[in-house]
Amino acid sequence: MASESTAPFGRRPCGVVDSRVTGGYRIFTLIDEEGPAPVPGQFYMLSAAPDWAGEGGRPFLPRAISYARLERTARGQQRLDFLIDEVGPGTARLAQMERGDSCLIAGPFGHGFSLPRELNPEAAGAILVGGGIGIAPMAVLRRHLIDRGIPYRALLGFRDRAHSGGIDELFGCEETRLAFEDGNAGHKGYVTDLLLRMLEGDDPAGAVVYACGPPAMLEAVRIICAERSVPVELALESPMACGYGACYGCAVPKASGDGYHRLCVDGPVLRGDEISTALAGVGI
Amino acid sequence: MASESTAPFGRRPCGVVDSRVTGGYRIFTLIDEEGPAPVPGQFYMLSAAPDWAGEGGRPFLPRAISYARLERTARGQQRLDFLIDEVGPGTARLAQMERGDSCLIAGPFGHGFSLPRELNPEAAGAILVGGGIGIAPMAVLRRHLIDRGIPYRALLGFRDRAHSGGIDELFGCEETRLAFEDGNAGHKGYVTDLLLRMLEGDDPAGAVVYACGPPAMLEAVRIICAERSVPVELALESPMACGYGACYGCAVPKASGDGYHRLCVDGPVLRGDEISTALAGVGI
Amino acid sequence: MAISLATDLCGIKLDDPVLNGSGTFDALAARSVFGDALIRDFPFSAYVSKTITRSPRAGNPPHRLWETPSGMINSIGLPGPGLEGFLERDLPRMAELGVPLIVSVMADSREVFGELVEAVAAREEVAGIELNVSCPNVHSGLIVGEQPAETEGLMKALRPLTAKPLIVKLTPNVANPDEVARGAEAGGADALSLINTIKAVAIDPVTTRNWLGAGQGGLSGHAVRPIALAQVRAVSAAVSIPTVGMGGIADGESALEFILAGARVVAVGTENFRDPRAGIEVGEGLVRALERRGFGSLAEAQDSTLS
Amino acid sequence: MAISLATDLCGIKLDDPVLNGSGTFDALAARSVFGDALIRDFPFSAYVSKTITRSPRAGNPPHRLWETPSGMINSIGLPGPGLEGFLERDLPRMAELGVPLIVSVMADSREVFGELVEAVAAREEVAGIELNVSCPNVHSGLIVGEQPAETEGLMKALRPLTAKPLIVKLTPNVANPDEVARGAEAGGADALSLINTIKAVAIDPVTTRNWLGAGQGGLSGHAVRPIALAQVRAVSAAVSIPTVGMGGIADGESALEFILAGARVVAVGTENFRDPRAGIEVGEGLVRALERRGFGSLAEAQDSTLS
Ligand SMILES: Cc1cc2nc3c(=O)[nH]c(=O)nc-3n(C[C@H](O)[C@H](O)[C@H](O)COP(=O)(O)OP(=O)(O)OC[C@H]3O[C@@H](n4cnc5c(N)ncnc54)[C@H](O)[C@@H]3O)c2cc1C
Ligand SMILES: Cc1cc2nc3c(=O)[nH]c(=O)nc-3n(C[C@H](O)[C@H](O)[C@H](O)COP(=O)(O)OP(=O)(O)OC[C@H]3O[C@@H](n4cnc5c(N)ncnc54)[C@H](O)[C@@H]3O)c2cc1C
Ligand SMILES: Cc1cc2nc3c(=O)[nH]c(=O)nc-3n(C[C@H](O)[C@H](O)[C@H](O)COP(=O)(O)O)c2cc1C
Ligand SMILES: Cc1cc2nc3c(=O)[nH]c(=O)nc-3n(C[C@H](O)[C@H](O)[C@H](O)COP(=O)(O)O)c2cc1C
Ligand code: FES
Ligand code: FES
Numbered sequence: 001m002a003s004e005s006t007a008p009f010g011r012r013p014c015g016v017v018d019s020r021v022t023g024g025y026r027i028f029t030l031i032d033e034e035g036p037a038p039v040p041g042q043f044y045m046l047s048a049a050p051d052w053a054g055e056g057g058r059p060f061l062p063r064a065i066s067y068a069r070l071e072r073t074a075r076g077q078q079r080l081d082f083l084i085d086e087v088g089p090g091t092a093r094l095a096q097m098e099r100g101d102s103c104l105i106a107g108p109f110g111h112g113f114s115l116p117r118e119l120n121p122e123a124a125g126a127i128l129v130g131g132g133i134g135i136a137p138m139a140v141l142r143r144h145l146i147d148r149g150i151p152y153r154a155l156l157g158f159r160d161r162a163h164s165g166g167i168d169e170l171f172g173c174e175e176t177r178l179a180f181e182d183g184n185a186g187h188k189g190y191v192t193d194l195l196l197r198m199l200e201g202d203d204p205a206g207a208v209v210y211a212c213g214p215p216a217m218l219e220a221v222r223i224i225c226a227e228r229s230v231p232v233e234l235a236l237e238s239p240m241a242c243g244y245g246a247c248y249g250c251a252v253p254k255a256s257g258d259g260y261h262r263l264c265v266d267g268p269v270l271r272g273d274e275i276s277t278a279l280a281g282v283g284i
Numbered sequence: 001m002a003s004e005s006t007a008p009f010g011r012r013p014c015g016v017v018d019s020r021v022t023g024g025y026r027i028f029t030l031i032d033e034e035g036p037a038p039v040p041g042q043f044y045m046l047s048a049a050p051d052w053a054g055e056g057g058r059p060f061l062p063r064a065i066s067y068a069r070l071e072r073t074a075r076g077q078q079r080l081d082f083l084i085d086e087v088g089p090g091t092a093r094l095a096q097m098e099r100g101d102s103c104l105i106a107g108p109f110g111h112g113f114s115l116p117r118e119l120n121p122e123a124a125g126a127i128l129v130g131g132g133i134g135i136a137p138m139a140v141l142r143r144h145l146i147d148r149g150i151p152y153r154a155l156l157g158f159r160d161r162a163h164s165g166g167i168d169e170l171f172g173c174e175e176t177r178l179a180f181e182d183g184n185a186g187h188k189g190y191v192t193d194l195l196l197r198m199l200e201g202d203d204p205a206g207a208v209v210y211a212c213g214p215p216a217m218l219e220a221v222r223i224i225c226a227e228r229s230v231p232v233e234l235a236l237e238s239p240m241a242c243g244y245g246a247c248y249g250c251a252v253p254k255a256s257g258d259g260y261h262r263l264c265v266d267g268p269v270l271r272g273d274e275i276s277t278a279l280a281g282v283g284i
Numbered sequence: 001m002a003i004s005l006a007t008d009l010c011g012i013k014l015d016d017p018v019l020n021g022s023g024t025f026d027a028l029a030a031r032s033v034f035g036d037a038l039i040r041d042f043p044f045s046a047y048v049s050k051t052i053t054r055s056p057r058a059g060n061p062p063h064r065l066w067e068t069p070s071g072m073i074n075s076i077g078l079p080g081p082g083l084e085g086f087l088e089r090d091l092p093r094m095a096e097l098g099v100p101l102i103v104s105v106m107a108d109s110r111e112v113f114g115e116l117v118e119a120v121a122a123r124e125e126v127a128g129i130e131l132n133v134s135c136p137n138v139h140s141g142l143i144v145g146e147q148p149a150e151t152e153g154l155m156k157a158l159r160p161l162t163a164k165p166l167i168v169k170l171t172p173n174v175a176n177p178d179e180v181a182r183g184a185e186a187g188g189a190d191a192l193s194l195i196n197t198i199k200a201v202a203i204d205p206v207t208t209r210n211w212l213g214a215g216q217g218g219l220s221g222h223a224v225r226p227i228a229l230a231q232v233r234a235v236s237a238a239v240s241i242p243t244v245g246m247g248g249i250a251d252g253e254s255a256l257e258f259i260l261a262g263a264r265v266v267a268v269g270t271e272n273f274r275d276p277r278a279g280i281e282v283g284e285g286l287v288r289a290l291e292r293r294g295f296g297s298l299a300e301a302q303d304s305t306l307s
Numbered sequence: 001m002a003i004s005l006a007t008d009l010c011g012i013k014l015d016d017p018v019l020n021g022s023g024t025f026d027a028l029a030a031r032s033v034f035g036d037a038l039i040r041d042f043p044f045s046a047y048v049s050k051t052i053t054r055s056p057r058a059g060n061p062p063h064r065l066w067e068t069p070s071g072m073i074n075s076i077g078l079p080g081p082g083l084e085g086f087l088e089r090d091l092p093r094m095a096e097l098g099v100p101l102i103v104s105v106m107a108d109s110r111e112v113f114g115e116l117v118e119a120v121a122a123r124e125e126v127a128g129i130e131l132n133v134s135c136p137n138v139h140s141g142l143i144v145g146e147q148p149a150e151t152e153g154l155m156k157a158l159r160p161l162t163a164k165p166l167i168v169k170l171t172p173n174v175a176n177p178d179e180v181a182r183g184a185e186a187g188g189a190d191a192l193s194l195i196n197t198i199k200a201v202a203i204d205p206v207t208t209r210n211w212l213g214a215g216q217g218g219l220s221g222h223a224v225r226p227i228a229l230a231q232v233r234a235v236s237a238a239v240s241i242p243t244v245g246m247g248g249i250a251d252g253e254s255a256l257e258f259i260l261a262g263a264r265v266v267a268v269g270t271e272n273f274r275d276p277r278a279g280i281e282v283g284e285g286l287v288r289a290l291e292r293r294g295f296g297s298l299a300e301a302q303d304s305t306l307s
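Chains as they are written, first to last, in the working numbering: chain G, 1 to 284; chain X, 1 to 284; chain P, 1 to 307; chain E, 1 to 307.
There could be a bad hint or two in this list.
[Unchecked claim] If we take Cβ atoms under 10 Å as the criterion, some of the chain P residues that face chain G in the derived model are: (1) P69; (2) S70; (3) G71; (4) H222; (5) A223; (6) D251; (7) S254; (8) G285.
Since the hints were made in silico from the structure, they are not lab data. A quick note: this is a predicted structure, and the numbers were derived from the prediction, not measured. Glycine is no exception: its CB is placed at the ideal position from the N, C-alpha and C atoms.
Okay, chain G solo, but in the shape it has when bound:
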């Protein structure tokens, strides 16, 4: 897959040209004049400017956010879309940004997804599994596959309407199946039900899975694929202070059991067989 180019050294102000609600989420758009083109799975460290701060002294550190769409303006500038779920002071502050505001960004950072054939020479196509806000990287990967004429099927899962969004904007209806835990639309239940059904259906030998979403979903996907020895790449999350390998804070346990990946530089995309769990630090 398109290899990552190095990120500009430092952070740079980008103009906010749009910000709108989509379902329970928010999408905002930045114009990145300097940055190189990111590849699917990469992320940026964002902080609204001025005053990346709030009541109670947070946010303080920049926030890691995947890009959800890349387009070029008439003048050849990069338009980057970001999909935001307001879960705390950082995402809330980013969601407050309006057209005309400025956002400091560093990146693109991290390693992106491999192509299906790179993971499985037999690969007929790709199965994309997105949960909640995790649909953002899947949307980018989907475009990438379409551009290359690689067949895909997308399975998107959400808790409920309030925790969903960007579906129509980021995904076409064709080849996309939905699961809502509250039965709001599509299958009533987990997106992993759809994945299981699909893997039962086709010949797993030709399957390749890509997933991004909440830890519990990623862990289920990891195990489902491991049991069927289906190659899978997971776009993981972890608290991050820097995003460029400086703080060693983003530890994810290696499969081997000895030591940890530094998610921001070794990931955020890792193969299922590279990690021992997708639940590191969750509820321990």
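On the provided structure of chain G, position chains X, P and E with the ligands as indicated by the hints.
Relative to the frame of chain G, chains X, P and E with the ligands by itself:
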């Protein structure tokens, strides 16, 4: 003079109904539905809401601000004007507030000015000396005197145009003389030059002086009046954390030399002969 | 039905676990500023006085305050009327607050500490006494609260003087507050309160000299909360007497953090400056926080141990 | 003509007084992320490695990070390749950074500390060695950096092993950092750096358990600046060797505060996470701050004493 009533317990949100630039300063207007009428010289503790915070973790504490004008709306609500000089993160954040925003206020706090006769039975009228942002309490006192038919003369001093404002809005031209250190308008020099000339002019026996402004100006006024045993009341400033006597942070040395006034509750208006200096903590 | 916050601190019955930090709320000044509304709606379940000394003190020269990132430095210097003035003028008016009174005292020798404790404990208005040990002992020259042995010795000397609860206010400026805590417990302390402010300085950006008149002060507010939480956890685990947790508490969530870290009750300090009703907000927020986190009662949170 | 920032630290020539805090900037990772732009524009006048141990370490289990009011807690646990891997793989690539290298080392005994110092000092790529003494000594069980005597003893043991500058990194978790500083100086330290992070804990709001995998961590960032400033002032006044000041430095103004407090040079830590070019911003801001405050040279500020 009208005696202070007790302040509502706690802080209350007030709507910002106006904010505009005046010279180098800014005036914003709040509607205070609950608060009692303040008396000249009193102040409020203000914090913009939400997010009384900024890059670098400040502002954190509320800021003490004198009211610059009190009016009643048609519906009988109190309209409070505040005059702001942006000297740091707190005043900058307050100056950012726009119509429709909310500002948390506590107060009115502190003791206000006495009437001329209360300070000097012989008093013919009052001389008001305002410097910079210190013209705010003088503007309120001026209205108060006019309402009571007490003659006054106002002397206002500013460093330069950038550090001046509210003159036309808060003072009529009649009975008002200006001094600009840079000669921008009126007398070229210090406002205390005007005060000296005036005291030389009249019979000091009938004089009463009220002053608010930067420490150096207040100290000069204090000494000028002391030398001529002219009664003077000074509206002083000091860093304040609480404004209601809780922190003991607003110490101003007593004339007696033993101990300190708690400016927020013993002041902010104090007689010249109650303090040993108006320069406490300045440049030591 | 909302969770009840009723609890107690070494025998002192409390309507809720929210006290004030000594020196951060002058209830007498507040009453003259806010009137009887303060009494009707008193923000704390017990009132802790600012630290009293034997002789009157003027306090430190200005400046006494400096704002810092998410916090503040104070260098007040314990201004006060001295023991006599306090007992004559202040204490009777504090009794009108309608909540148990805890009087904070400080001295530079065991003898004077003893005088203060006896005189204060003798007054029936007083429910408990807090000992501010963040001060040097004139004889040893050591800061009492920095030395486990000094602290134990002081408590051994004071314990016999009263049956009323003695609460030792610990200083955070030590490597191991739990050792000092053990000393206090061994000496007979009934409870411990922490943290006091953390040594800090401020530089005047204009004069490039010390901003604070006394040259040094103490840091408090949101900024110190994670440090306070660590010390409360270490101390609470080290002793069997109850602890009063404080340091940057701003709302119900942060109050609950201190209780989970081992504090039996909490105290609100700097937040009172930002909001005179902070104590009330913290109490109401604590009920919501307990419910949100699935606690059936305050005791459940008080008894839970952090793992 | 702009003020020159050229200075030196115990013999190490520096283009400016801005270093990085150990463990807060992985220059090798940064180079692969940012490419050669990092070398062209390297943000620090000398590069301090993260702390190296004799054997490889995996570091602490997640979570390792927690954001706090104007700061953060980290609980990284010194992951690293161990001495051999560092000398073979990392050090040669660090030499390509084009600035003097200071290698930080830690061990749990004087013997192993000695091994590390000798092996590291033997490499000509290395300009100086920083000793991270915030760790227990297996024999005494004491945290070396909390004990003046332990620190002096360690330095006496290490001093003969090399002529290269030895910098002792002090822990802030003590009552009197100046006493430990005197111990380090008496033992032969060439310089002192401070502060390290301050003990702190974080509680998972959802599970109400410890958030950090290791159960405890260290606070850093803007929030600790006033505490760091106080310790830098106390330590700098107590010793005659130079100090490296750090703790929440975010810009030229805060860097100048540390220099006025007595630091000869400063280090940027947490701010690197917020801005990869923070070191450059601090250096440029320091020139403006010196001019604004009327200093004719950096030396003038370095020599000024705070009053
Ligand atoms: C590679 C990557 C890509 C990502 N992409 C996206 C994206 O596209 N869109 C998106 O919305 N999010 C994305 N995230 C997640 C987002 O970066 C985090 O959720 C971030 O922490 C949100 O910050 P916050 O302040 O809004 O919420 P936080 O307050 O950080 O809360 C988020 C979670 O962090 C924990 N938490 C709570 N308090 C604290 C605290 N004080 N310090 C640290 N952690 C705390 C809790 O578990 C909470 O649920 C991504 C993360 C990574 C690593
Ligand atoms: C009774 C009273 C009435 C007042 N009325 C008005 C008014 O009507 N209009 C108005 O504009 N102002 C008024 N002030 C002054 C205003 O409250 C202060 O200037 C306030 O500190 C401004 O906050 P800031 O954050 O904008 O500036 P700050 O950052 O607080 O700077 C203001 C001054 O405080 C000092 N300072 C700098 N940094 C810090 C720090 N970190 N912590 C503490 N002090 C610092 C410096 O000397 C600086 O010049 C009044 C003050 C008092 C006591
Ligand atoms: C202005 C001020 C004055 C204080 N005075 C005292 C005091 O007299 N006695 C005392 O034991 N602690 C005193 N303290 C410490 C507080 O009681 C409390 O321990 C500390 O501020 C931490 O809590 P906080 O972060 O909530 O303020 C004072 C704190 C402040 C900010
Ligand atoms: C993520 C992180 C890792 C750190 N690792 C080390 C380390 O390996 N060795 C060390 O001596 N200090 C280490 N420190 C402490 C810093 O070097 C510095 O002393 C401290 O963070 C205070 O500076 P700051 O507030 O600018 O970050 C670390 C700090 C952080 C935040
Ligand atoms: S986020 Fe800092 S090393 Fe990965
Ligand atoms: S400002 Fe707190 S006592 Fe005056």
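For each hint, the structure was consulted:
1. P69: holds, 7 Å
2. S70: Hint holds; S70/P Cβ to chain G Cβ min 4 Å, cut 10 Å.
3. G71: holds, 9 Å
4. H222: Nearest chain G Cβ about 5 Å off; hint holds.
5. A223: Status holds, d = 7 Å.
6. D251: For D251/P, the interface hint holds, since the closest Cβ of chain G sits about 8 Å away, which is under 10 Å.
7. S254: Given a least distance of 9 Å, the restraint on S254/P holds.
8. G285: violated, 13 Å
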